[in-house]
Amino acid sequence: MAKTNNSAPLWSKNFITVLISHFFLLFGFQALIPTIPLFASTFSTSETFIGLVAGVFTISAFAIRPISGSFLDRKGRRMVLALSLITFIASAFSYTLVTGLSSFLVLRFIHGLGWGSSNTASDTVATDNIPLDRFGEGMGYFGLSMTLGMVVGPATGMFIATNFGFNTLFYVSAFLVLLSLLISSTIKYEAPIKKKEKEALFVFDREALEPALLMSMITISYGTLMGFIPLYAQQQGIANTGPFFTVYALAMLITRPFLGRLIDSHGFDYTVLPGISMVLVSMALVGLSFSLGSYLLVAVIYGTGFGSCLLSFQTMAIKNMPPEKRGGANAVFYVGFDGGMTLGSILFGYIASQLGYSNMYLITLIPAALALLGYLLIRKNF
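Residue numbers for the sequence shown follow the numbering used here, beginning at 991 and rising by one.
Hint data in this document are derived by calculation from the structure and do not stem from the laboratory. Warning: the hint list may mix true and false statements.
Here are the computed lysine to aspartate or glutamate pairs in the EDC-like style, where the Cα-Cα straight-line distance is at most 20 Å [stated by the list, open to error]:
id, residue 1, residue 2
1, 1003, 1197
2, 1370, 1197
3, 1065, 1314
4, 1315, 1197
5, 1370, 1259
6, 1003, 1123
7, 1178, 1314
8, 1065, 1197
9, 1315, 1180
10, 1315, 1123
11, 1370, 1254
Just the calculated beta-carbon pair ranges, DEER-fashion [as the list claims (entries may be wrong)]:
id, residue 1, residue 2, range
12, 1290, 1157, 30 to 38 Å
13, 1001, 1157, 37 to 45 Å
14, 1152, 1092, 25 to 33 Å
15, 1001, 1091, 46 to 54 Å
16, 1278, 1314, 42 to 50 Å
17, 1086, 1371, 24 to 32 Å
18, 1165, 1363, 21 to 29 Å
19, 1002, 1367, 35 to 43 Å
20, 1149, 1360, 36 to 44 Å
21, 1053, 1084, 40 to 48 Å
22, 1036, 1002, 25 to 33 Å
23, 1002, 1255, 20 to 28 Å
Even glycine gets a Cβ: it sits at the ideal position worked out from N, Cα and C.
Build the full structure now, drawing on both the sequences and the hints.
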(Lines of atoms letter the chains of each structure in order from A and count residues from 1; the text may use other names and numbers.)
(Lines give C-alpha, C1' and ligand atoms only; values in the text may rest on other atoms or scores of the structure.)
Protein backbone atom coordinates (compact mmCIF):
# COMPACT_ATOMS: atom_id res chain seq x y z
CA MET A 1 0.00 0.00 0.00
CA ALA A 2 1.22 3.48 -0.76
CA LYS A 3 2.63 5.52 2.09
CA THR A 4 0.92 8.87 2.19
CA ASN A 5 3.30 11.77 2.89
CA ASN A 6 3.30 15.52 2.77
CA SER A 7 5.69 15.91 -0.17
CA ALA A 8 4.03 13.54 -2.64
CA PRO A 9 2.11 15.12 -5.53
CA LEU A 10 -1.67 14.89 -5.45
CA TRP A 11 -2.18 14.16 -9.15
CA SER A 12 -0.14 10.97 -9.41
CA LYS A 13 -0.85 8.30 -12.04
CA ASN A 14 -2.23 6.03 -9.32
CA PHE A 15 -4.61 8.69 -8.00
CA ILE A 16 -5.94 9.49 -11.46
CA THR A 17 -6.42 5.78 -12.21
CA VAL A 18 -8.37 5.31 -8.97
CA LEU A 19 -10.59 8.28 -9.85
CA ILE A 20 -11.46 6.82 -13.26
CA SER A 21 -12.05 3.32 -11.90
CA HIS A 22 -14.22 4.64 -9.08
CA PHE A 23 -16.26 6.70 -11.53
CA PHE A 24 -17.28 3.62 -13.51
CA LEU A 25 -18.09 1.73 -10.29
CA LEU A 26 -20.33 4.56 -9.12
CA PHE A 27 -21.86 4.99 -12.59
CA GLY A 28 -22.88 1.33 -12.62
CA PHE A 29 -24.15 1.50 -9.04
CA GLN A 30 -26.02 4.81 -9.30
CA ALA A 31 -27.81 3.72 -12.47
CA LEU A 32 -29.66 1.24 -10.26
CA ILE A 33 -30.50 3.60 -7.37
CA PRO A 34 -33.78 5.10 -8.71
CA THR A 35 -34.68 2.03 -10.76
CA ILE A 36 -34.39 -0.83 -8.25
CA PRO A 37 -37.45 0.43 -6.28
CA LEU A 38 -39.42 0.51 -9.54
CA PHE A 39 -38.18 -2.97 -10.49
CA ALA A 40 -39.11 -4.21 -7.01
CA SER A 41 -42.61 -2.77 -7.42
CA THR A 42 -43.19 -5.21 -10.31
CA PHE A 43 -43.15 -7.94 -7.64
CA SER A 44 -44.99 -6.05 -4.87
CA THR A 45 -46.16 -2.46 -4.34
CA SER A 46 -46.01 -2.70 -0.54
CA GLU A 47 -43.97 0.15 1.00
CA THR A 48 -42.67 -2.31 3.57
CA PHE A 49 -41.43 -4.67 0.84
CA ILE A 50 -39.78 -1.82 -1.08
CA GLY A 51 -38.05 -0.79 2.13
CA LEU A 52 -36.98 -4.40 2.75
CA VAL A 53 -35.41 -4.58 -0.72
CA ALA A 54 -33.20 -1.61 0.11
CA GLY A 55 -32.67 -2.80 3.67
CA VAL A 56 -31.40 -6.27 2.70
CA PHE A 57 -28.85 -4.62 0.41
CA THR A 58 -27.58 -2.22 3.05
CA ILE A 59 -27.52 -4.89 5.77
CA SER A 60 -25.23 -7.11 3.69
CA ALA A 61 -23.03 -4.13 2.78
CA PHE A 62 -22.99 -3.25 6.47
CA ALA A 63 -21.94 -6.78 7.44
CA ILE A 64 -19.15 -7.18 4.89
CA ARG A 65 -17.38 -3.85 5.46
CA PRO A 66 -15.53 -4.76 8.71
CA ILE A 67 -14.39 -8.03 7.13
CA SER A 68 -13.25 -6.37 3.91
CA GLY A 69 -11.55 -3.61 5.90
CA SER A 70 -9.56 -6.19 7.87
CA PHE A 71 -8.55 -8.03 4.70
CA LEU A 72 -7.56 -4.77 3.01
CA ASP A 73 -5.10 -4.07 5.81
CA ARG A 74 -3.85 -7.65 6.18
CA LYS A 75 -3.89 -9.11 2.67
CA GLY A 76 -3.56 -6.00 0.54
CA ARG A 77 -5.81 -3.90 -1.67
CA ARG A 78 -5.58 -5.67 -5.05
CA MET A 79 -7.23 -8.98 -4.16
CA VAL A 80 -10.07 -7.46 -2.14
CA LEU A 81 -10.92 -4.86 -4.78
CA ALA A 82 -10.87 -7.36 -7.65
CA LEU A 83 -13.03 -9.99 -5.92
CA SER A 84 -15.48 -7.33 -4.78
CA LEU A 85 -15.93 -5.91 -8.27
CA ILE A 86 -16.42 -9.40 -9.73
CA THR A 87 -19.18 -10.05 -7.17
CA PHE A 88 -20.87 -6.78 -8.14
CA ILE A 89 -20.69 -7.62 -11.86
CA ALA A 90 -22.16 -11.10 -11.36
CA SER A 91 -24.98 -9.69 -9.22
CA ALA A 92 -25.95 -6.97 -11.69
CA PHE A 93 -26.07 -9.50 -14.52
CA SER A 94 -28.10 -11.96 -12.43
CA TYR A 95 -30.97 -9.49 -11.93
CA THR A 96 -32.03 -10.50 -15.45
CA LEU A 97 -32.69 -14.03 -14.13
CA VAL A 98 -34.86 -13.08 -11.14
CA THR A 99 -38.32 -14.68 -11.19
CA GLY A 100 -39.76 -14.12 -7.71
CA LEU A 101 -39.59 -12.29 -4.40
CA SER A 102 -37.29 -14.73 -2.62
CA SER A 103 -34.66 -14.92 -5.36
CA PHE A 104 -34.73 -11.14 -5.69
CA LEU A 105 -34.04 -10.63 -1.98
CA VAL A 106 -31.22 -13.21 -2.00
CA LEU A 107 -29.62 -11.48 -4.97
CA ARG A 108 -29.95 -8.09 -3.29
CA PHE A 109 -28.05 -9.53 -0.32
CA ILE A 110 -25.22 -10.81 -2.54
CA HIS A 111 -25.13 -7.54 -4.46
CA GLY A 112 -24.78 -5.67 -1.17
CA LEU A 113 -21.71 -7.77 -0.33
CA GLY A 114 -20.08 -6.78 -3.61
CA TRP A 115 -20.96 -3.12 -3.25
CA GLY A 116 -19.94 -2.78 0.39
CA SER A 117 -16.57 -4.42 -0.13
CA SER A 118 -15.73 -2.73 -3.46
CA ASN A 119 -16.62 0.74 -2.21
CA THR A 120 -14.54 0.28 0.95
CA ALA A 121 -11.60 -1.02 -1.07
CA SER A 122 -11.72 1.72 -3.70
CA ASP A 123 -11.90 4.46 -1.07
CA THR A 124 -8.97 2.95 0.80
CA VAL A 125 -6.82 2.80 -2.34
CA ALA A 126 -7.60 6.46 -2.94
CA THR A 127 -6.55 7.51 0.58
CA ASP A 128 -3.25 5.65 0.10
CA ASN A 129 -2.43 8.09 -2.69
CA ILE A 130 -3.34 11.47 -1.12
CA PRO A 131 -0.67 13.59 0.66
CA LEU A 132 -1.65 14.50 4.21
CA ASP A 133 -1.30 18.26 3.76
CA ARG A 134 -3.85 18.12 0.91
CA PHE A 135 -6.03 15.35 2.34
CA GLY A 136 -9.27 17.31 2.42
CA GLU A 137 -8.68 18.58 -1.10
CA GLY A 138 -7.75 15.10 -2.32
CA MET A 139 -10.85 13.55 -0.78
CA GLY A 140 -12.87 16.34 -2.35
CA TYR A 141 -11.54 15.52 -5.81
CA PHE A 142 -11.94 11.79 -5.20
CA GLY A 143 -15.53 12.53 -4.30
CA LEU A 144 -15.95 14.06 -7.76
CA SER A 145 -15.59 10.61 -9.31
CA MET A 146 -18.46 9.47 -7.10
CA THR A 147 -20.47 12.58 -7.83
CA LEU A 148 -19.96 12.35 -11.60
CA GLY A 149 -21.32 8.83 -11.37
CA MET A 150 -24.29 10.25 -9.49
CA VAL A 151 -24.80 12.93 -12.16
CA VAL A 152 -25.00 10.54 -15.09
CA GLY A 153 -26.04 7.31 -13.33
CA PRO A 154 -29.61 7.84 -12.08
CA ALA A 155 -30.82 9.75 -15.13
CA THR A 156 -29.17 7.22 -17.46
CA GLY A 157 -30.65 4.35 -15.48
CA MET A 158 -34.14 5.82 -15.62
CA PHE A 159 -33.80 6.47 -19.36
CA ILE A 160 -32.62 2.94 -20.13
CA ALA A 161 -35.24 1.28 -17.91
CA THR A 162 -38.05 3.39 -19.38
CA ASN A 163 -37.06 3.00 -23.03
CA PHE A 164 -35.27 -0.36 -23.22
CA GLY A 165 -36.39 -2.29 -20.15
CA PHE A 166 -34.84 -3.41 -16.89
CA ASN A 167 -32.78 -6.25 -18.39
CA THR A 168 -30.89 -3.87 -20.66
CA LEU A 169 -30.22 -1.65 -17.66
CA PHE A 170 -28.73 -4.56 -15.70
CA TYR A 171 -26.45 -5.49 -18.62
CA VAL A 172 -25.23 -1.89 -18.85
CA SER A 173 -24.59 -1.72 -15.11
CA ALA A 174 -22.54 -4.93 -15.21
CA PHE A 175 -20.52 -3.63 -18.18
CA LEU A 176 -19.71 -0.34 -16.45
CA VAL A 177 -18.39 -2.11 -13.36
CA LEU A 178 -16.40 -4.45 -15.62
CA LEU A 179 -14.65 -1.33 -16.96
CA SER A 180 -13.91 -0.36 -13.36
CA LEU A 181 -12.34 -3.77 -12.78
CA LEU A 182 -10.15 -3.57 -15.89
CA ILE A 183 -8.95 -0.05 -15.10
CA SER A 184 -8.23 -0.81 -11.45
CA SER A 185 -6.04 -3.75 -12.49
CA THR A 186 -3.40 -1.22 -13.68
CA ILE A 187 -2.98 0.43 -10.25
CA LYS A 188 0.46 0.03 -8.64
CA TYR A 189 0.22 -1.27 -5.08
CA GLU A 190 2.80 -1.62 -2.34
CA ALA A 191 2.85 -4.82 -0.33
CA PRO A 192 0.78 -4.76 2.88
CA ILE A 193 2.68 -4.18 6.10
CA LYS A 194 3.17 -7.51 7.88
CA LYS A 195 2.36 -7.45 11.58
CA LYS A 196 3.99 -9.81 14.04
CA GLU A 197 1.35 -9.54 16.72
CA LYS A 198 -2.06 -11.11 16.37
CA GLU A 199 -4.84 -8.54 16.12
CA ALA A 200 -8.58 -8.71 16.55
CA LEU A 201 -10.52 -9.18 13.32
CA PHE A 202 -12.52 -5.98 13.85
CA VAL A 203 -10.84 -2.87 15.28
CA PHE A 204 -13.16 0.03 16.02
CA ASP A 205 -10.84 3.00 16.51
CA ARG A 206 -12.54 5.79 18.41
CA GLU A 207 -11.25 8.36 15.93
CA ALA A 208 -13.14 6.58 13.15
CA LEU A 209 -16.13 5.51 15.25
CA GLU A 210 -17.29 8.98 16.30
CA PRO A 211 -17.55 10.40 12.74
CA ALA A 212 -19.15 7.12 11.63
CA LEU A 213 -21.92 7.49 14.22
CA LEU A 214 -22.59 11.08 13.14
CA MET A 215 -22.69 10.00 9.49
CA SER A 216 -25.22 7.30 10.33
CA MET A 217 -27.62 9.96 11.61
CA ILE A 218 -27.30 11.86 8.34
CA THR A 219 -27.64 8.83 6.07
CA ILE A 220 -31.03 8.02 7.58
CA SER A 221 -32.35 10.90 5.48
CA TYR A 222 -30.24 9.76 2.53
CA GLY A 223 -31.77 6.28 2.71
CA THR A 224 -35.29 7.67 2.63
CA LEU A 225 -34.53 9.94 -0.33
CA MET A 226 -32.80 7.28 -2.41
CA GLY A 227 -35.36 4.60 -1.58
CA PHE A 228 -38.66 6.43 -1.69
CA ILE A 229 -38.41 9.67 -3.70
CA PRO A 230 -39.39 7.96 -7.01
CA LEU A 231 -42.53 6.48 -5.40
CA TYR A 232 -43.37 9.64 -3.40
CA ALA A 233 -43.09 11.73 -6.55
CA GLN A 234 -45.26 9.30 -8.52
CA GLN A 235 -48.02 9.75 -5.95
CA GLN A 236 -47.91 13.47 -6.74
CA GLY A 237 -48.03 13.01 -10.50
CA ILE A 238 -44.28 13.38 -11.17
CA ALA A 239 -43.34 10.42 -13.37
CA ASN A 240 -39.62 11.09 -13.88
CA THR A 241 -37.44 11.84 -10.85
CA GLY A 242 -34.24 11.65 -12.90
CA PRO A 243 -33.82 15.48 -12.75
CA PHE A 244 -33.91 15.33 -8.93
CA PHE A 245 -30.94 12.96 -8.80
CA THR A 246 -29.07 14.89 -11.49
CA VAL A 247 -29.47 18.26 -9.74
CA TYR A 248 -28.60 16.69 -6.38
CA ALA A 249 -25.40 15.26 -7.83
CA LEU A 250 -24.51 18.50 -9.64
CA ALA A 251 -24.76 20.38 -6.35
CA MET A 252 -22.26 17.95 -4.84
CA LEU A 253 -20.07 18.13 -7.95
CA ILE A 254 -19.75 21.90 -7.88
CA THR A 255 -19.06 22.23 -4.15
CA ARG A 256 -16.78 19.25 -3.35
CA PRO A 257 -13.37 20.70 -4.38
CA PHE A 258 -14.09 23.99 -2.61
CA LEU A 259 -15.22 22.19 0.55
CA GLY A 260 -12.10 20.00 0.59
CA ARG A 261 -9.79 23.00 0.45
CA LEU A 262 -11.90 24.69 3.14
CA ILE A 263 -11.31 21.74 5.47
CA ASP A 264 -7.53 21.91 4.90
CA SER A 265 -7.35 25.65 5.49
CA HIS A 266 -9.99 26.36 8.16
CA GLY A 267 -11.08 23.09 9.77
CA PHE A 268 -14.29 21.09 10.05
CA ASP A 269 -16.58 23.69 11.66
CA TYR A 270 -16.76 25.55 8.35
CA THR A 271 -18.16 22.50 6.54
CA VAL A 272 -19.99 20.41 9.15
CA LEU A 273 -22.19 23.08 10.74
CA PRO A 274 -23.51 24.51 7.44
CA GLY A 275 -23.78 20.99 6.00
CA ILE A 276 -26.03 19.61 8.74
CA SER A 277 -28.09 22.81 8.71
CA MET A 278 -28.76 22.36 4.99
CA VAL A 279 -29.78 18.73 5.54
CA LEU A 280 -32.30 19.89 8.15
CA VAL A 281 -33.75 22.54 5.85
CA SER A 282 -33.99 20.21 2.85
CA MET A 283 -35.73 17.40 4.75
CA ALA A 284 -38.30 19.87 6.07
CA LEU A 285 -38.88 21.08 2.50
CA VAL A 286 -39.20 17.61 0.94
CA GLY A 287 -41.91 16.74 3.44
CA LEU A 288 -43.87 19.73 2.16
CA SER A 289 -43.04 19.42 -1.57
CA PHE A 290 -45.74 18.98 -4.20
CA SER A 291 -44.08 20.01 -7.48
CA LEU A 292 -40.98 19.23 -9.53
CA GLY A 293 -39.67 22.73 -8.86
CA SER A 294 -39.76 22.23 -5.09
CA TYR A 295 -38.08 18.84 -5.48
CA LEU A 296 -35.25 20.42 -7.45
CA LEU A 297 -34.79 23.08 -4.75
CA VAL A 298 -34.50 20.27 -2.21
CA ALA A 299 -31.95 18.55 -4.47
CA VAL A 300 -29.70 21.64 -4.52
CA ILE A 301 -29.81 22.19 -0.76
CA TYR A 302 -29.55 18.53 0.18
CA GLY A 303 -26.80 17.78 -2.33
CA THR A 304 -24.64 20.59 -0.96
CA GLY A 305 -25.34 19.74 2.68
CA PHE A 306 -25.02 15.97 2.40
CA GLY A 307 -21.86 16.29 0.32
CA SER A 308 -20.34 18.54 2.95
CA CYS A 309 -21.17 16.09 5.75
CA LEU A 310 -19.90 13.07 3.82
CA LEU A 311 -16.58 14.70 2.94
CA SER A 312 -16.06 16.08 6.45
CA PHE A 313 -16.90 12.96 8.44
CA GLN A 314 -14.94 10.63 6.15
CA THR A 315 -11.89 12.90 6.33
CA MET A 316 -12.19 12.94 10.14
CA ALA A 317 -12.29 9.15 10.23
CA ILE A 318 -9.31 8.49 7.96
CA LYS A 319 -6.86 11.39 7.80
CA ASN A 320 -4.78 10.64 10.89
CA MET A 321 -4.80 6.87 10.50
CA PRO A 322 -1.56 5.12 9.44
CA PRO A 323 -1.81 3.33 6.06
CA GLU A 324 -2.04 -0.10 7.68
CA LYS A 325 -5.22 0.95 9.51
CA ARG A 326 -7.01 2.83 6.73
CA GLY A 327 -8.90 -0.18 5.44
CA GLY A 328 -10.39 -0.71 8.89
CA ALA A 329 -11.10 3.00 9.37
CA ASN A 330 -12.88 3.19 6.01
CA ALA A 331 -14.86 0.09 6.96
CA VAL A 332 -15.94 1.61 10.28
CA PHE A 333 -17.01 4.80 8.53
CA TYR A 334 -19.11 2.94 5.99
CA VAL A 335 -20.63 0.73 8.68
CA GLY A 336 -22.04 3.97 10.07
CA PHE A 337 -23.07 5.08 6.59
CA ASP A 338 -24.87 1.81 5.87
CA GLY A 339 -26.38 1.62 9.34
CA GLY A 340 -28.16 4.91 8.78
CA MET A 341 -29.32 3.84 5.34
CA THR A 342 -30.68 0.60 6.80
CA LEU A 343 -32.77 2.52 9.33
CA GLY A 344 -33.83 4.93 6.62
CA SER A 345 -35.04 2.18 4.31
CA ILE A 346 -36.54 -0.40 6.69
CA LEU A 347 -37.74 1.48 9.78
CA PHE A 348 -38.75 4.59 7.89
CA GLY A 349 -40.33 2.44 5.18
CA TYR A 350 -42.63 1.12 7.88
CA ILE A 351 -43.25 4.67 9.13
CA ALA A 352 -44.19 5.68 5.58
CA SER A 353 -46.68 2.82 5.35
CA GLN A 354 -48.35 4.02 8.56
CA LEU A 355 -48.07 7.82 8.33
CA GLY A 356 -47.37 8.55 4.67
CA TYR A 357 -44.23 9.77 2.91
CA SER A 358 -44.64 13.43 3.83
CA ASN A 359 -44.74 12.76 7.57
CA MET A 360 -41.92 10.25 7.26
CA TYR A 361 -39.61 12.88 5.76
CA LEU A 362 -40.46 15.35 8.50
CA ILE A 363 -39.56 12.74 11.13
CA THR A 364 -36.06 12.42 9.61
CA LEU A 365 -35.37 15.87 11.06
CA ILE A 366 -34.88 14.19 14.46
CA PRO A 367 -31.74 12.13 13.67
CA ALA A 368 -30.25 15.01 11.65
CA ALA A 369 -30.69 17.30 14.66
CA LEU A 370 -29.01 14.66 16.84
CA ALA A 371 -26.06 14.66 14.42
CA LEU A 372 -25.68 18.40 14.93
CA LEU A 373 -25.72 18.00 18.70
CA GLY A 374 -23.27 15.10 18.51
CA TYR A 375 -20.79 17.08 16.45
CA LEU A 376 -20.87 19.97 18.92
CA LEU A 377 -19.96 17.48 21.66
CA ILE A 378 -16.98 15.88 19.85
CA ARG A 379 -15.64 18.75 17.73
CA LYS A 380 -12.73 19.36 20.13
CA ASN A 381 -11.36 15.90 19.27
CA PHE A 382 -10.77 16.92 15.65
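Okay, which hints does this one fail, numbers in order? The structure conflicts with hints 1, 8, 17, 18, 21 and 22, although it agrees with all the remaining ones.
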